[in-house]
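Visitor: Please model the entire structure based on the sequences and the hints provided.
One line per chain: the protein sequences are A and B, in this order.
Terminal number for the first sequence in the working numbering: 678, no gaps in between.
Terminal number for the second sequence in the working numbering: 176, no gaps in between.
By construction, these hints were calculated from the structure, which means they are not laboratory data.
C-beta atoms are modelled at their ideal positions from N, C-alpha and C, and glycine is treated no differently.
Hints may be right or wrong, so weigh each one.
Ranges of calculated distance between the beta carbons of each label pair, as one might list FRET restraints [as the list claims (entries may be wrong)]:
(1) B:Asp24 to A:Ala569: 51 to 59 Å
(2) B:Gly125 to A:Thr637: 42 to 50 Å
(3) A:Phe322 to B:Phe118: 30 to 38 Å
(4) B:Arg33 to A:Thr412: 16 to 24 Å
(5) B:Glu111 to A:Arg612: 21 to 29 Å
(6) B:Ala131 to A:Gly673: 21 to 29 Å
(7) B:Pro156 to A:Glu670: 27 to 35 Å
Below, each chain spelled out in residue letters.
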Amino acid sequence: MSTRIYVPRDSGALSLGAEAVARGIADEAARRGIDVAIVRNGSRGLYWLEPLVEVEAGDTRLAYGPVGTRDVLSLFDAGFLQGGTHALSQGPTTQIPYLARQQRLTCARVGLIDPVDVADYQRCEGFAGLRRAVSMEPEQIVREVADSGLRGRGGAAFPTGIKWRTVLEQAASQKYIACNADEGDSGTFADRMLMEGDPLTLIEGMTIAGFAVGATRGYIYLRVEYPHAHRTLLEAIAAARAAGYLGTDILGSGREFELEVRVGAGAYICGEETSMLESLEGRRGEVRVRPPLPAVKGLFGMPTVVNNVVSLATVPVILARGAAFYRDYGVGQSRGTLPVQLAGNLRRGGLVEVAFGPSLRELLYDFGGGSASGRPLRAVQVGGPLGAYLPESQFDTPLDYEALAAIGALLGHGGVVAFDDTVDMARMARFAMQFCALESCGKCTPCRIGSTRGAELIDRIILGQGREQNLRTLADLCETMQHGSLCGLGGMTPFPVRSALQHFPEDFGATRAH
Amino acid sequence: MSTLDARTRERIDSIVAAHAARPGPLLEILHEVQRDFGHVPPAAIPQIAQGLNLSRAEVYGVVSFYHHFRSTPPGRHRLAICRAESCQAMQGDALAAYAEQRLGVRFGETTADGGCTLEAVYCLGNCACSPAILIDDEPHGRVTPERLDALLAECSAADATGASG
Chain A
165 MSTRIYVPRD SGALSLGAEA VARGIADEAA RRGIDVAIVR NGSRGLYWLE PLVEVEAGDT
225 RLAYGPVGTR DVLSLFDAGF LQGGTHALSQ GPTTQIPYLA RQQRLTCARV GLIDPVDVAD
285 YQRCEGFAGL RRAVSMEPEQ IVREVADSGL RGRGGAAFPT GIKWRTVLEQ AASQKYIACN
345 ADEGDSGTFA DRMLMEGDPL TLIEGMTIAG FAVGATRGYI YLRVEYPHAH RTLLEAIAAA
405 RAAGYLGTDI LGSGREFELE VRVGAGAYIC GEETSMLESL EGRRGEVRVR PPLPAVKGLF
465 GMPTVVNNVV SLATVPVILA RGAAFYRDYG VGQSRGTLPV QLAGNLRRGG LVEVAFGPSL
525 RELLYDFGGG SASGRPLRAV QVGGPLGAYL PESQFDTPLD YEALAAIGAL LGHGGVVAFD
585 DTVDMARMAR FAMQFCALES CGKCTPCRIG STRGAELIDR IILGQGREQN LRTLADLCET
645 MQHGSLCGLG GMTPFPVRSA LQHFPEDFGA TRAH
Chain B
12 MSTLDARTRE RIDSIVAAHA ARPGPLLEIL HEVQRDFGHV PPAAIPQIAQ GLNLSRAEVY
72 GVVSFYHHFR STPPGRHRLA ICRAESCQAM QGDALAAYAE QRLGVRFGET TADGGCTLEA
132 VYCLGNCACS PAILIDDEPH GRVTPERLDA LLAECSAADA TGASG
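Guide: Take a look at the structure:
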């Protein structure tokens with residue numbers, strides 16, 4: 165029997181040389197006349213160990229990483245196929261503390277299975293949620309999701325069950341499920357990891373959503389920056405269709421669901437739900453005025469569920485294990501788990517799926533291992549480019565929607581970007597305005613013009629020109645953008661700007677002026 | 012506006028025809044045109060507009076809205092460097108400045124020999140391996156100036172042997 169070896173096809177692992185490592189292992193095995201089966205799995209999310217090679221040994225998998233092509237020969241010499249010890253040995257994968265301390269529900273299969281193998285997926289509880297949903301009335305499915313406490317993981321944290329109920333209640337000839345896979349926030353990669361590592365979960369979640377609200381068509385709006393996720397999704401959709409999990413009469417239920425991937429074209433704003441719908445319809449990604457809500461009048465004017473990848477990929481486990489199982493994780497109004505993404509200047513960046521509740525400090529130090537540079541961490545941006553910058557004094561804030569909102573911050577899509585003490589926070593504040601100017605759809609004035617004026621004001625403040633006057637004008641501008649913009653881009657750009665000013669005034673020349 | 016040769020016109024017609032019946036087909040069409048020609052030729056806009064029964068302004072408006080669509084041919088290779096926060100936290104700005112100096116172009120430009128187009132992107136979703144870049148759709152993480160040199164040398168070597176990028 166051949167030995168199974170796992171070498172990720174995840175684009176993060178590929179970016180560190182996984183393809184050459186897979187080839188190297190195959191070649192060396194052939195040279196030695198050893199029979200191996202190389203499975204291209206997703207990433208476990210332990211990116212400091214990528215490329216992470218795993219060898220199946222009975223019921224466990226032994227990890228070696230980070231493996232370079234230069235290590236292949238010595239791994240074979242050390243007998244890694246029989247679990248031999250090597251300088252890169254990490255022991256059984258599931259016992260690596262970073263992974264052992266997580267609660268993987270949404271991302272349970274990411275890195276575990278061959279992402280496009282339906283049989284592998286089914287062996288790991290795949291399609292159990294859909295099988296249960298098939299026997300349920302739409303209203304029951306919606307109630308299950310509502311009872312789980314799941315809130316939109318894209319950033320807005322709106323209760324998913326309420327959104328689904330609104331769509332269910334609409335009478336329409338056609339309804340849609342639109343998956344927002346336009347993961348544009350810097351510091352976030354959970355959607356990508358799911359689509360590359362366990363796309364069948366997303367497909368299953370969308371199908372269940374379709375059954376729940378009476379939608380027969382789904383679209384995945386995928387950003388063009390994710391070519392590997394695109395290929396994996398297409399393979400997975402084809403595999404699901406071939407196995408009868410997409411199409412007409414799914415699992416003999418008489419119900420139908422079809423799915424299509426549409427690729428964006430490099431516009432951050434298309435992560436905003438109404439802009440995404442415009443883009444899906446083939447137009448400029450300009451934000452729509454709400455109401456009507458997409459749940460009432462969405463894609464092609466029809467009732468549409470718009471959910472993020474992580475939200476939809478969480479639905480199968482909720483259906484498979486029940487609402488109570490999921491709801492039992494978490495704190496307060498933040499139920500379940502969140503795939504946190506540790507990024508930027510951290511020693512151990514990666515995916516950490518945990519129940520809501522741990523502090524930022526635990527994530528940054530216990531998981532993240534502190535800064536990659538070895539210098540003190542000075543600031544952390546949580547929730548993407550529109551999230552607030554938090555200073556060290558706020559690192560004890562628990563990971564929970566309400567706790568972050570209480571300090572004027574947001575959890576967003578769960579991205580955490582760490583900066584060491586070399587960061588210039590005035591520059592980061594300016595970048596926030598500049599990014600907004602670059603990505604504004606142009607429909608509303610506070611965002612389109614305010615962002616450019618904001619960057620200019622910060623320039624003058626940094627130069628010490630009319631400091632007090634310009635600070636007042638900037639505060640006023642932030643107020644206007646926050647309350648006068650049509651969507652979150654202009655409306656939330658003030659978060660990073662204000663928090664940088666509030667917590668790091670010294671970077672804006674505060675001492676020079678006083 | 013230059014005109015398109017007959018073969019190009021024919022190809023664009025077939026792309027439009029292949030997608031026209033699908034709902035909301037314009038982005039799909041533009042992607043396929045750009046895949047085939049490396050860019051969306053401005054002269055193709057009236058033809059696409061006519062095929063979809065849209066105005067030229069509508070099609071131009073879409074092409075110009077999205078950063079990904081280009082109106083001029085790119086270089087033989089495309090180097091996209093992430094300029095977003097996570098990569099900034101890991102010396103991404105220094106890498107970006109190095110790339111500009113090394114290639115002798117600014118972001119958005121193509122080297123004089125047509126070898127490489129330098130593009131800014133805002134997040135490649137590889138933020139645990141910052142700074143991140145893409146060279147022709149292939150991702151590279153934790154890129155140092157030295158690593159960038161080596162990767163660009165591979166591109167030049169591939170060009171020299173006539174292999175496609």
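Visitor: Can you tell me whether the CB distance of glycine 125 of chain B to threonine 637 of chain A sits inside 42 to 50 Å?
Guide: Holds, since glycine 125 of chain B and threonine 637 of chain A (Cβ atoms, about 46 Å apart) stay within the stated range.
Visitor: Does the hinted range 30 to 38 Å hold for phenylalanine 322 of chain A and phenylalanine 118 of chain B at CB?
Guide: holds (36 Å)
Visitor: How does the Cβ-Cβ distance of arginine 33 of chain B and threonine 412 of chain A compare with 16 to 24 Å: does it lie in that range?
Guide: Because 19 Å falls inside the window, the suggested range holds.
Visitor: Could one say that the CB atoms of alanine 131 of chain B and glycine 673 of chain A fall in the range 21 to 29 Å?
Guide: Because 28 Å falls inside the window, the suggested range holds.
Visitor: Do aspartate 24 of chain B and alanine 569 of chain A keep their Cβ atoms within the hinted range of 51 to 59 Å?
Guide: Distance hint for aspartate 24 of chain B, alanine 569 of chain A holds at roughly 53 Å.
Visitor: Taking 21 to 29 Å as the hint, is the beta-carbon distance of glutamate 111 of chain B and arginine 612 of chain A inside that range?
Guide: The hinted range 21 to 29 Å holds for glutamate 111 of chain B and arginine 612 of chain A, with Cβ atoms some 28 Å apart.
Visitor: Determine whether the Cβ-Cβ distance between proline 156 of chain B and glutamate 670 of chain A falls within the hinted range of 27 to 35 Å.
Guide: holds (30 Å)
In summary, the structure agrees with every hint in the numbered list given earlier.
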